[in-house]
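Enquirer: Taking the hints into account, I'd like the entire structure generated from these sequences.
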Amino acid sequence: MTGLLGVLLPAVPLVAGLVGLLLPPSPRGATAGEGPARRAAIGLGVAGAAGALLIAVVLLVRVGQPVQTSTTWVDLGGLRVTLGVRLDGAAALVAVAVAAVALAVQVYSVGYLRRGPHDDVEVDHRYPPYAAQISLFTAAMLLVVVAGDLIMLLVGWEVMGLCSYLLIAHDRRLPEAPAAAMKAFLVTRVGDVGFLLGIALLGVSAGSFRIADVLAHDYSAGLLTTACLLLLAGVAGKSAQFPLHTWLPDAMAGPTPVSALIHAATMVAAGVYAVTRLYPLFERAPAALAVLGVMAAVTLLLGALAATAQDDLKRVLAWSTVSQIGYMTGALAVGSPTAALFHLLSHAAFKALLFLAAGAVIHAVGTTLMSRMGGLRATMPVTFWCTVVGLGALAGVPPLSGFWSKDGVLAAAEAAALDGAGPAPAWVGWLVWLAGLAGVAVTAWYATRLLLRAFLGETRMPLVHPHDPPALMRWPVLLLAVPAALLGLAAFLPPFTDRLAVGEGELVHLGPALLLPLALLALGAGLAWAGWRRDRTADPARALGPLGPLFAAGFRLDDVQRALVVRPVAALARVARAGDELVIDGAVEGTARGARGLGGALAGLHRAALPRAVAGVLAGALLIGLAAVLIGGAA
Amino acid sequence: MTLGQILLVAALAVPAVGAAVVAAVPADRAARLVGTAAAGLTLAVTVALVTGDQLWTGYGAPPAVRPWHQLDLSWVPGLDLRFHLGVDGISYPLVVLTALLTLLCCAYTVWKVPAGGGSGRALVALLLVVEVGILGTFLALDLVLFFCFFEVVLLPMYAIIAGWGGPDRRRAARKFVLYTLLGSVLLLVGVYVVVAAAGTADLVALTGGAGLPRGTQLAAFTLFGLAFAVKSPLWPLHSWLPDAHTQAPTVGSVVLAGVLLKMGTYGLVRVAVGVAPEGARWAAPVLGVLAVAAIPIGSLVCLAQSDLKRLIAYSSVGHMGFVLLGVATLTATGIQAALIGNIAHGVITGLLFFLAGAVKDRAGTGALAELSGLRETAPRLAGLLGFAAVASLGLPGLAGFWGEAFAVVAAIGRGGVFWTVLGVLAAIGGALTAAYLLRLLRRVTHGRPSPAVGRVAPGLAAAELAAWAPLVLLALAVGLAPALVLGVAADPVAALVAVLP
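These protein sequence lines are chains A and B, in that order.
Read in the numbering used here, the first sequence has 465 at position 465, and its numbers run on one by one without any break.
For the numbering used here, add 635 to where a residue sits in the second sequence, where the first one is 1.
What the hints contain is simulated information worked out from the structure, not anything from laboratory work.
Note that the structure is a prediction, hence the values are computed from the model and not measured.
All C-beta atoms, glycine included, are put in the ideal place defined by N, C-alpha and C.
Quick partial rundown of chain A residues pointing at chain B, CB under 10 Å, derived from the structure:
1. Gly156
2. Leu162
3. Ala576
4. Asp580
5. Ile584
6. Gly586
For each label pair, taking beta carbons as the anchor points, the in silico distance ranges come out as:
7. Gly600/A to Ala683/B: 53 to 59 Å
8. Leu22/A to Ala679/B: 27 to 33 Å
9. Val682/B to Glu283/A: 48 to 54 Å
10. Pro802/B to Ala587/A: 23 to 29 Å
11. Ala592/A to Asp715/B: 35 to 41 Å
12. Gly597/A to Ala648/B: 45 to 51 Å
13. Thr686/B to Leu22/A: 32 to 38 Å
14. Gly579/A to Arg916/B: 28 to 34 Å
Expert: Written out as structure tokens, the structure is:
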């Protein structure tokens, strides 16, 4: 029964998505009203997500001992690929988060992707493919969550990449959207090369791709480290870790609800989740964990610092995702997958909340730039308070969810640093701990700046009259505010901790160690507030001085990527094409020309005037005669 | 004759007779309909071939080739030539794919005859003759017969390209025919090297080496390998392909890419590896290196292409690289990956050529620089093109994934630094594949509609949907249930691998 529910979990949104793709994509000629196709698409999308949520909740209630089912999918020369689910408490918890965020996004999108009074007549949101792609996205993530076989996991993993590509390119009014979509797919695909190779190494040695078999197999240390490092390449791509994080800020070209989906529950969460799924392997590969730790520390600080200087509301949130995922991978590196999962869950709640609230702001003011907002607190109170909750959780203000989950990560890192408790060397613990503490202050700074710039002070757009969003968009935001605020307290509930399979160590650590992050939090927030107090119209980011533009450009890593990868590949492609056409095909064509030339020359020799022809014939006859005499004589 | 033998003969006779009737019927449209009916009947016959006895029930060690059905008649007794046909799990999926694609091409031709060429009637007749040749190649269990059918394909395909193709069709057709004839000459020499040494041309008896001396096997594999490398095509013997595929009419490109190339890879597995296994073992590293070279090089060339059809044509070089890498590993996993990769490439590239033809016909140009914004004017067509491109880049869950991923897995599974490096390079080539297909989609479907695309009407003709829907469904079905192809292939591949040295 549990196994069947596990199968249904991705199947329900998958069917909703596939059926939705068959609906007519565009209401050509129809007016702004709701066409039947749009209504059907809304119904399918919401039903798919709601069905998945229902199944996930039932699973969460029922799940006890880990359940594993499997049946052979295909047998390739002794390598067995299976179809089956592997369910445990953590899978069920993540599934609930995924389905809940997906449902919120589906409902919210109904209001968000509607032709508004400000839009021109040409706007056509093509709702049916949009809703269907979100359903497919949800299905793919849920497949990753329940997959009992690495190849199945890879299917969900890459289908997610495809859906992100489709959805980021959805908004046809943005010229940068297609490029951003392509970048998202390609950067993650580069990581997936490693992921595929890692899976191939693990599967080939174990003779099976079933996760249970892979975990039970006894690998040699070298092979395990190689395989784990290769898997980490895929994780870095999907979870936007340095140096493959560059796609995520650009992915903001997608509609805001899609950003919420990508950042909160799907895609970026998949990488962290996949590592927790295979954590017993990583535990035996400390070198891979050390690399992960370095990656996490770099990503965490890089994302946080880049977030400080953005003017685009969504890009602040995007960089904050990069940074927060850094906390999760940091927790993995210091040996605490439960802390990573706990932060993943609370992050899912508060980041979805933040993005949907930001969508409400963008919807109301028609811009994403904070330099043109300000003073929205008075006109959009609901959005304001929800954003306060979300930003508080992001920064780690007690007792909001992010406080508890970030504390879990920091406590694990502290234990690894001071007591050498983690599977990786102690310096990894130090690195993650110090980076995490610095990140707390920076996070508090940019969260405060966002709140002050967008919602407080004087309005900078006197002609616009913003207002709180309509009910369809308001309720998802309000409902997401509940877990964003309270999820941290679940750490005190045994049913929750049981499902996260926390060992003897507690999920939360009440003690004097909490004071240090709190002090840093106050420092960061206080600095931002002080900067704002001095001049309410200026950007607190001016304090960054000459570093501001560098941070705003994400440390110019895009340029590095362009110079080191994109341009050389393009140049290589031109060389390959020229070489193929001139050298390889040139040789073929040259042979043809040579043969023709030779034929022409021989033909030319045969064309001769009568005297020369007669002379030739006679000469030939003489030669043959001579040969006959000589050979005959010899015989 | 048993039912199976009747089916084997019918698989060749129905399209042959159909072609004759099509040529004899004077009315153009009626003739095209008759041809389509013949192609449909052929598909039914080939599908029915699955009814054979697929289990080995004899005593002793099973032979390396165990046909489900076979027909063994004396053909030219004086020269000891035999008309020996048979079908097994390696050839069956290809046989059905051939029949299916021919049917789709005939049906498409009923709706639309390429402009500027000969009559539609003649095109359908030629398609059926090509089908006879390809089916014969896949069904032949006698080396000489195999060679004959291999050659039957050449001239009608030449006529299709030269008669109904693009502006530069004659040159492309000549190049195609001369280049592949060169391969055929080598094949002929190889056939006679083997037949003279072994005293038989029976593939069932020959498979596994049949005690041929090592020198003969090396010579035979070299000759066969070169011949099939031209056909498949293996880099750097591929340069006939882009011209031929680009200039051929849509249906010609579909048949060329969909099944004609498969004669090369099938021949490599069944004839070259089967008859000269020691030669295969000896040449496998070279084959592997060239196959893997084809993947990044083909992808890079695609990345710099400026024409839609030429890009898709070049993509075959990279995709067939994965197939040939699978064969080169000489493992059960690799050969199975090659077989499913073959089928997937036939389905997906067939679909891509259909769609590229549709785009080109509608917009009047295939230049990528002049195409953009297709999703604004023709969302369905753009969606299908997107689907085909995504399938082609090997998205897990669609048909293309299994062949490519498991060619890599097989190379890694082979072990050792050499094969691991090949596997890694192939996987990196997979990322480049995504790059050029996404570039294609970005150019053609995204952005504002270009003037050429602005004229495109949103609708799709029923005949187009009928021709494309089976391919879309197959790409999905083979992706979700790879056992459709590999279920029948597992035993024959295991038997083949068992006789490798």
